[in-house]
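A.B. asks: Taken in order, these protein sequences are the chains called A and B. Just so you know, we're using numbering that gives the first Met the number 0 here: the first sequence kicks off at 0 and counts up by one. Just so you know, we're using numbering that gives the first Met the number 0 here: the second sequence kicks off at 0 and counts up by one.
These aren't lab readings, by the way, just hints derived from the structure by calculation. Computed from a prediction, not measured in an experiment: that's the story for all the values here. This list has only true hints and no planted wrong ones.
If you anchor each label on the Cβ, the simulated ranges turn out as follows:
| # | chain 1 | residue 1 | chain 2 | residue 2 | range |
| --- | --- | --- | --- | --- | --- |
| 1 | A | Trp79 | B | Arg147 | 57 to 65 Å |
| 2 | B | Thr459 | A | Glu328 | 55 to 63 Å |
| 3 | B | Pro470 | A | Met360 | 24 to 32 Å |
| 4 | A | Arg273 | B | Gly435 | 22 to 30 Å |
Sample of chain B residues lacking proximity to chain A, with all beta carbon distances greater than 10 Å (derived):
| # | residue |
| --- | --- |
| 5 | Gly26 |
| 6 | Ala35 |
| 7 | Phe50 |
| 8 | Pro60 |
| 9 | Ala70 |
| 10 | Ser140 |
| 11 | Val213 |
| 12 | Arg251 |
| 13 | Arg279 |
Residues of chain B placed beyond 12 Å of chain A at every Cβ, according to the derived structure:
| # | residue |
| --- | --- |
| 14 | Thr3 |
| 15 | Gly169 |
| 16 | Ala206 |
| 17 | Arg352 |
The beta carbon of each residue, even a glycine, is placed where N, CA and C say it ideally should be.
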Amino acid sequence: MGMAEADPFDAVVIGAGAMGATTALFLARGGMRTALLDRGEICREASGVNAGTLTLHMTRAALIPYAMRGRELWLKSAEWLGSDIGARAAPGLSLAFTPAECAMLEQRAKARTAMGAPIRLVTPREACAIEPGLNPSLLAAAFCALDGHVTAYLTGRAYRRALTEAGVAVFEQRPVVGIEQDDRGYCVRGDDGTLLHAKRLVLAGGVWLETMLAWLGLRVPVKCLVNQLVVTERMRPVMHSVVGIANGLLSLKQFENGTVLIGGGWQGIGDPVRGGVEAIPDNLLGNVQLARHAVPALGETRIVRIWLGLESETADAMPMIGPLPGVDEAYVIGCVHSGYTSAPYLGRLLAERVLGREPEMPLFDPARLVQPAPVQREEIA
Amino acid sequence: MSATVDVVVVGAGPAGVEAALAAAVCGLSVTLLDEASQAGGQVYRAPPSTFRGALQDAADPEGVRLRTRLAASGVTVCFDHIVWSVSPGFRVDALGPSGPRYWSAKAVIAAAGAQERVVPFPGWTLPGVIGLAGATIMLKSQGVLPGRRNLVAGQGPLLLAVAAGILKAGGQVAAVLDLATRAEWLADWPALASRVDLVMRGALWRARLLRAGVPILHRQAVRRVTNTPQGQLRAMIGPVDGAGRPMTGAAREVVVDALAVGNGLTSSTDITRLLCVTHRYDELRGGWVPSVDEVFRTSLPGLYVAGDGAGLAGAAAAAADGRLVGLTVARDLGYVSSASYDETVAPLRRKARRARRFGTAMARLMALRPAQLDAIPPDTVLCRCEDVTRAEIDAAAAEGARTVNQLKAWTRCGMGPCQGRICGDIVGAVLSRAGGTRETAGFFTGRTPFRPLPLGQLVTETDYAALTLPPPAPL
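One chain only, chain A, in its complex shape:
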């Protein structure tokens, strides 16, 4: 690769997670000459290591309409992405084991139903008929016919194929250290000294967005959650639905290969600089305790692997997606709760906006999150 590309790209997307990769894909399909950069490889952070959930039970109520469209896109990924990455529709259940959880279940189901999620409360007997593997001591359950899961670790390979076919210039292992502006647009500097020129810029860096936005002089605090995931060895079929608990501290699903994935947002040790460092043993025990309680047959299996994924969150826990205030032709996308579920839809929405069209659903204006104190533009080491 030479020192600089002669002609500027129409758009450079920094961050090749599902948000950035989808945006880049639809920009290229929309006719733009597009480059996609990542410090690592495509979808190898949150987008490749998350629980692959398509659930509406855990989605923030305000994001339900987006998540429902994102879910549809994942289930049809063979059509628009070109590969089946194991997306499967399944029924979803959220359980309550205490009176307090029953109240929570009811309140949460109501809020999500109001936003369009077809969730209804069912009796323990009905719940056990839907999912015979459940612990019969449950007091109540919420049922949603629209649920399912994706095999998240396959995301990167699928996107790599699609991006290559769409003509996106993909630069993996290319950490960006800074962005400069000139009369032609943006100049993106790699850590190896390479420069990419672009007329438009899309920042899609997940938990690294705070650093990226600072390159443009914008101060937006981004919180980093360090979510723990646990997977078992292959075991006999013990469940076919997606199971959670009203408090949101558990998500369970069994894949076709027999492994069971246990999630629920229990925290590990990590940060944006070091990545996901290590699981906290007590948090593993807590998470697994809930899993065994919900589906007792899990007591038969063995835990094979525990890992951590970094999730980004803004100050108001709502996404930032749209044009950046005061910076021409620069956009941001990220910090979406349950973001993997809605990523294909949100990436496509932003691409519509960058391509100069009116997006089908409202974006999430980042201007509300920009803090007034200006920071010095700096390059990270």
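With chain A held as given, fit chain B onto it using these hints.
C.D. replies: Quick look at chain B alone, frame taken from chain A:
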């Protein structure tokens, strides 16, 4: 259940035991953990204490002495404990016979040894095909033969040890296939001369095999194995060149009950990979190994490595290095003065250096040869947990996968119960030969648990209402 100690040593082979003893003598509180039921590691593996008779008598006297000294020491030993996590700071979690336990410690010494490597060939996953190290476990600790009639193949010093062990236990050896030539064995004679005792032992094994009429075939390797209708193994064997490339002609079949095969060892780095210390690739020392200073401190303060886990060096070097590491921990924690430390370690370091020369000569014989990898046919399984073939790895490489972790996500290679311990080195080598280097291909990220954990033993059925839970996720 938990306890606080100065240092936890993980692994009770010669390195771990010597480290634990040295630290305990200096006054440190030391806990030594191992998943086996007795100390000795793989090299001095002991039969179960309930076994009586010939097997006990045959135990290596070096190992017996090691166990005796440990029993008489102030080291707290916890056998039958599977260490599954080491957290910074440090906390060591293990699953033992009475459930999960953990220790808080100021320092951790990882002495996890090595694991065996097999260069895959068609049929290597069939029942009856076992590793050379696996065969030594059967022979030493259980007195069980791999099969009545056995083929022993691969490279390195374990070949003769296993073949002689099978004969001694009453089995037959159809042949020993050694990738190396006699000249390669003797190439490093000054290093060999540093351990006359071990050379003599090797010569005795060889003499015993020749006396029994066992052919020792150099520059020969197994090409593929199939089952016979009677359930035996039919091995196709043939000549190879110095790079490990199969040569045309002269291939023939051997029918045996079992095949013990191994292509050297790789360092066991579960703990250091998990804790993200700096590693370096060292082909002759067991692949990816933690970077250490001259007294085996890793890049993470408080974490030390000893023995083959710090790079293959053999049992004698492991013992000397273990003592050195134990003393270093004692000094770093303020239990011994710098002056007395310097005085004690100087002779130890000389001894370790000498011992390492022999280990290095053996490691050279165990090193992968490039054409061995090229010779793996496309339909051969590389990742036996997940049945990922060489063709699938090659296809992913052709599609742009450049690191083993990317390859893992794309193909499930290394995602199974062994966590990539068996396939990791081979897959890294195959990927790097498709484009890049071992350094760019990297190594599988360290993950807990180090060994698969029975979920039902880790957590018992509890009263749900009594659980302490974090605050609920937001709506």
